[in-house]
Amino acid sequence: MQSLNISTAALRGVQQALDNTANNLANADTVGYKRRTASFSELLSDSMNEQAAVDSRQRNSPPGLRIGSGSRLGLTKTDVSPGNMKQTDVPTDLMIEGDGYFLVSRPFRNANGELDDEYRLTRSGAFQFAQMAGLPGYALVTPTGEYLVDEVGLPISFENPGELTITPEGVVFLDGNEVAQMRLYKVDNPDQLQQVGDNQLLAPVLDDQKAPDFMQFADGRIKQGALETSNVNVQEEMSQLINVQRAYQLNSRAIGITDQMMGIANSLRSR
Amino acid sequence: MIRGLYTAASGMLSLQRKQDSLANNLANINTPGYKQDVGVMRAFPEQLLSRIRDQEGPDIQGMPQMGGQAVPIGRLHTGVYMSEALPVFRQGDIAETRDPYDVALMDNIQPDEEGNERRLFFSVARLADPATDTAEPEQLRYTRNGNWSVNADGYLVTPDGYYVLNNENQAIRVNDPDFPDQSAGHTLEITANGALFYRNDAGEQVPLNDQSLGIKVLTNPQQMVREGTNVYRYTGEGQPANVGDDPENTGFYGVKQGWLERSNVDPAQTMTDMMTVLRAYEANQRIITTVDGTMEKAANEIGRVNG
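So the protein sequences, as listed, match chains B and H.
Counting along the first sequence from 1, when you hit position 197 you're at 197 in our numbering, and nothing is skipped either side.
Counting along the second sequence from 1, when you hit position 38 you're at 38 in our numbering, and nothing is skipped either side.
Extracted from the complex, chain B is given alone in its bound form:
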């Protein structure tokens, strides 16, 4: 019976929506996390043509009988609305007010064994002073070890940690001396960028040009001493959870009823 497949397909989609909700709730306290919303889409319809000739009269729809084959998880979209501000007064904590992403670089060895940089975008501004691997001096690094870069794409480095000041426009001062100019970058469609985990997106590459060479600057401003909390709304996620659970229950009930029907068909010969 087709209805078994229909309900099973729906259960699978609902399960994935539940996974998405669980991930949002798990990251409710992650700095700079953007929630994702899951939505469903219909599967293809089966069309059957087995009707009597007289059926072509006195009917409301075009000939044939069309029954769909269930649903699937259609899209998970990133909700880019801003999170709340959390004041920390730590000078290396940065927050983006408005539009834009921080650009960080991650050194790695490419296929030829040469040291190369991979650029990533993030909204999470929890940086720290740390010594650069294999290089003298200190840099601002993310909790997972990527370097915050300046406008040409090089890590912002200091001989020694000191009193850090960053203006809203991104001019970096250390102990009152201008060190570097950092920028926020504009992303029109974050859904199209690869998510590489750690709350980061892989920066795009255009015709062998790296991200700092071609990406547009965003008009957001930098606020020092604060962090952006996630934009997960717990009440909203809980109501989504209820929605998902009920959908799961209804579809498993449908499977139960189909199963009973198959049992009835099976007991045709055994009185």
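Take these hints with a grain of salt, some might be off.
Short derived list, chain B residues pointing at chain H, Cβ under 7 Å [unchecked claim]:
1) 43
2) 250
3) 251
4) 254
Don't read these hints as lab results, they were simulated from the structure.
A virtual CB, placed ideally from N, CA and C, is assigned to each residue, including glycine.
For this one, chain B is given, so just place chain H on it according to the hints.
Only chain H this time, still in chain B's reference frame:
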């Protein structure tokens, strides 16, 4: 007697179809813009039964006796089948998502002079080259699902990859990777009548290529073929017109950005229907076993020697 066996079997078969249709409604209980299907059951063509080899009809007062003619017994349908699944185009609830690419369509267009139902739909199409192509009438598909996203080339698309069309049947480009300063991105704004705008760097509202969403008026929406993946194909006469072409429609429809139209499936109704289907299925099975019992008597007990 054997006729009854096949009648009951056709009942079971059509109820299975109905269960498929109900299961599909339940499966799409969270699909935006999904329209509930209602199964239409129809009896097999009517037959007239006559008595054979008995020209003497029943002796009823006032009824003439026609010698040499077959005597009618009565009319009979020998089964049932599911003839069509009709979508119910009732408006679904709308829910807020705050996503700029989610659009809910609300309509209150009155029936036309002949009393035909009229409903509004977004037009979508699969295009080979979205930059230059204009969708041909046979490529057009219609949907109520306004849960869209922007693809890698910057076009507005449905979850199943159809391009969302504007009032000129062309794809809508939201972002242009080659001219990032002219990209709308998340600043896309859709007005209540479907016109498209975005905010430029100075924060001013600017029209996006002077286009609006291709919202079409479908007269007699039941004449559409459900293709799945949230889209319908129009098979009626003529081509649906843009809703904005008729000034009388103004004020009877609205587009709400950041909201989604939810599925109009009623779970309580669907579960009740499923239980009804289950019991009817059981009753038909009981008929088959009963007829089978009668046939067993005929085959094994009548004419048994030394019974």
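Against chain H, run the beta carbon of residue 251 of chain B and see if the smallest gap drops under 7 Å. holds, 6 Å
With chain H as the partner, please determine if residue 43 of chain B meets the hint condition of a C-beta pair closer than 7 Å. Given a least distance of 6 Å, the restraint on residue 43 of chain B holds.
For the hint on residue 250 of chain B, just tell me whether its beta-carbon gets within less than 7 Å of chain H. holds, 5 Å
Would the hint on residue 254 of chain B be counted as holding, given a Cβ-Cβ threshold of 7 Å to chain H? Constraint on residue 254 of chain B satisfied, holds at 5 Å.
Violated hints are absent here; each numbered hint is respected by the structure.
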